[in-house]
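Enquirer: These protein sequences, in sequence, are chains A and B. Position 46 of the first sequence, counted from 1, bears residue number 46 in our numbering, the numbering being contiguous throughout. Position 196 of the second sequence, counted from 1, bears residue number 1196 in our numbering, the numbering being contiguous throughout.
None of these hints come from the bench; they were simulated from the model.
Calculated lysine-lysine pairs in the DSS-like style (CA-CA distance at most 25 angstroms, straight line): (1) B:Lys-1310 with A:Lys-164; (2) B:Lys-1281 with B:Lys-1033; (3) A:Lys-165 with B:Lys-1310; (4) A:Lys-164 with A:Lys-185; (5) A:Lys-83 with B:Lys-1144; (6) A:Lys-187 with A:Lys-164; (7) B:Lys-1144 with B:Lys-1079; (8) B:Lys-1281 with B:Lys-1012.
Just so we're clear, the structure is a prediction, and the values are computed from it rather than from any experiment.
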Amino acid sequence: MFEAIAFYLFAFLTIVMFFITVTTAQALYALTSLAAGMIFISAFFFILGADFLGAVQIVVYSGAVMALYAFGMMFFDTTRDVKEKKGNSLIIFGLSTLAAFLVVVIFVAPMVTDNITAFYPIIEGVGNTQEVGVVLFTKYLIPFEVAAVMLLVAMVAGIVLAGKKMDLSLTEMSDAEIRDMREEKNKKVLS
Amino acid sequence: MEMAYLIETIIKIVIVMLVFSALAGIGTYFERKILAFMQRRLGPMNVGPYGVLQFGADAIKLFTKEDIVPTNVVAPVFKIAPVITAATAFIAAAAIPFLPSFTIFGYEVHPIIADINIGILYILGIMGVGLYGPLLGGMASANKFALLSAARGAAVFISYEVVTGLSILAPIMMVGSLSLIDFNEYQAGGITSWMVWTQPVAFILFWIAAFAETGRTPFHLIANDHEIIDGFGTEYSGMRWGLFFIGEYANMFFISFMIPILFLGGYGDGSFLGALALLGKMSFFFFFFLWTRAAWPDVRPDQLMMLCWKILMPVAVLNILVTAIVMM
Chain A
1 MFEAIAFYLF AFLTIVMFFI TVTTAQALYA LTSLAAGMIF ISAFFFILGA DFLGAVQIVV
61 YSGAVMALYA FGMMFFDTTR DVKEKKGNSL IIFGLSTLAA FLVVVIFVAP MVTDNITAFY
121 PIIEGVGNTQ EVGVVLFTKY LIPFEVAAVM LLVAMVAGIV LAGKKMDLSL TEMSDAEIRD
181 MREEKNKKVL S
Chain B
1001 MEMAYLIETI IKIVIVMLVF SALAGIGTYF ERKILAFMQR RLGPMNVGPY GVLQFGADAI
1061 KLFTKEDIVP TNVVAPVFKI APVITAATAF IAAAAIPFLP SFTIFGYEVH PIIADINIGI
1121 LYILGIMGVG LYGPLLGGMA SANKFALLSA ARGAAVFISY EVVTGLSILA PIMMVGSLSL
1181 IDFNEYQAGG ITSWMVWTQP VAFILFWIAA FAETGRTPFH LIANDHEIID GFGTEYSGMR
1241 WGLFFIGEYA NMFFISFMIP ILFLGGYGDG SFLGALALLG KMSFFFFFFL WTRAAWPDVR
1301 PDQLMMLCWK ILMPVAVLNI LVTAIVMM
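Take the sequences, apply the hints, and build the full model.
Expert: Written out as C-alpha cells, the structure is:
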C-alpha cells in the first residue's frame, strides 16, 4: 500500500515539476523545478529497492543542476522573465505530443507483448552496491570504460579551452604589474 | 509487526526532530558562550542563570517577528529556500545511528530511523542538497550581495563535494560497505581498531571537507562576514531566517556524529560506556567547529577552490591509490 501511495505521489510531483521546467518563462523557476524533479525521480529507485542508484541520482544531479544555476546566474537576471521566441505553437505542441507518445510506445510495447525477465535478478543477501559493481565490471565493462575515456577527453578539452592565462592571478599581482598588463593589452588592440 | 514497525519509526522521527531542533537552538548558546570565553568576554548573561535561557528569548523573538517578503523577490522560491536547508538536514539524519541498540520494556530499539545499506552516500547526497537553500535564497532575493553569496555557495558546493566523496572512498574500500553500522562494527574491537590509525589522511580530508559542507569558518563564504551583511540571508527576517540557522546547526551536529562513527570507533561494542563515548566524541567535534571560528580567519573563495582542487583532491586520489595497492 505504501509503495503505491509513494509511487503515485512522486509520479505526480515529478511530472508537475518537469512541466513547470518546460513551460515557465523564468530561469529561476525552470532551474529550481528541474532540480526538484531530478531529486523526486530518485524516489522511484528507492521504491524499487535500488538504493544505490537512488542516492547516486541525488548526488549526481544535484551537482549537475548546481552548475546550471551558475550558468543561469551568469547569463540572465534570474528574477525576471525571459522573452522567448515562440514559433508556431501548434507545430511545437503536436510534435512534442507525438514524441512523448512514441517514447511511451517504445518502452511499453515489450512489456505488453511478453513477460519481462531481469537479466541479472537481485540476489538475496547481497548488497546493492556489490550487485551494481558486478554488473558494471562484467557485462558492461566496455561501455563503462568508454564512458570513462570520453569524460577524460571532455575534461582535457575543457581545461585547454578554459585554461588560458590561468597562471595569472589579479589578486596576487601588485598594482604596477596590473597597470603594465593593461597597457600591453591596449597596445595589442591598437596595433 | 508491520504496525509496530510503523509506530516505532514515527516515534523515532519525532524524537530526532524535537531533540535536534532544540539542540540547534542550544547550539547557538554554546557558540556565543565559547566564542565569548575565547575572546575574554562574558557572552549572554542576563536571561536566566549564566544566560542559559537566551535561546528561549531568541526563539520568542524569531517566532513573533514580522515575516517580510520584499517587493521584487521571486516569492515562491524565496519562501521555500529556508525550508530546503532545514528539511534536508533532518532528512539526512535518517541514516545516522545515534546510539547503540538498547532494550526498553523488553522491546529492542535501534536508534536509527532507516538502516539502508548505502547510508554514507545517502547522507552526503542529502547534505549536499542542503546547499540549495542558501543558493536559492540568494538568487531569489533581488539583492546583489545575496546573489554574490549564492555564487560563492555554488563555488563551495562544486569544490568540496569531490573531496568528501574521494576521501571517504578509501575507508569504504577497507570496510567493504556503505552502511554506518557496518563501519561501527568494523571498528568495534577497541581503540586499536579505529579507522583513524589506518586512514589518517582520509580522516583529515573528511574533517576539512566537513567545514566546507556545513559552511563554517574558515569556509564561511556563503554568508561572508567581510561584507558586514549576512550574504544570502540579507533579505530574510523572522523564522525564515531562523530556519536557515536551525539547518546549519543541525548539520553541524549530524556531521559531528558522522566523523566519530566513520573514523573514531563510533559507539564501540554497544555498551552504555560506548554510547557515552560517542556523545563525548560528538561534543568534541562540535566544540572544534566553534573553536575554529574563534581562532581562524575566513579564506577567500579562490583560495578555497585552489585548496580543494589543487591540493586536497590529488591527496585524496593518492590516498585511494595507496590504499588499493596495500589492500591487494
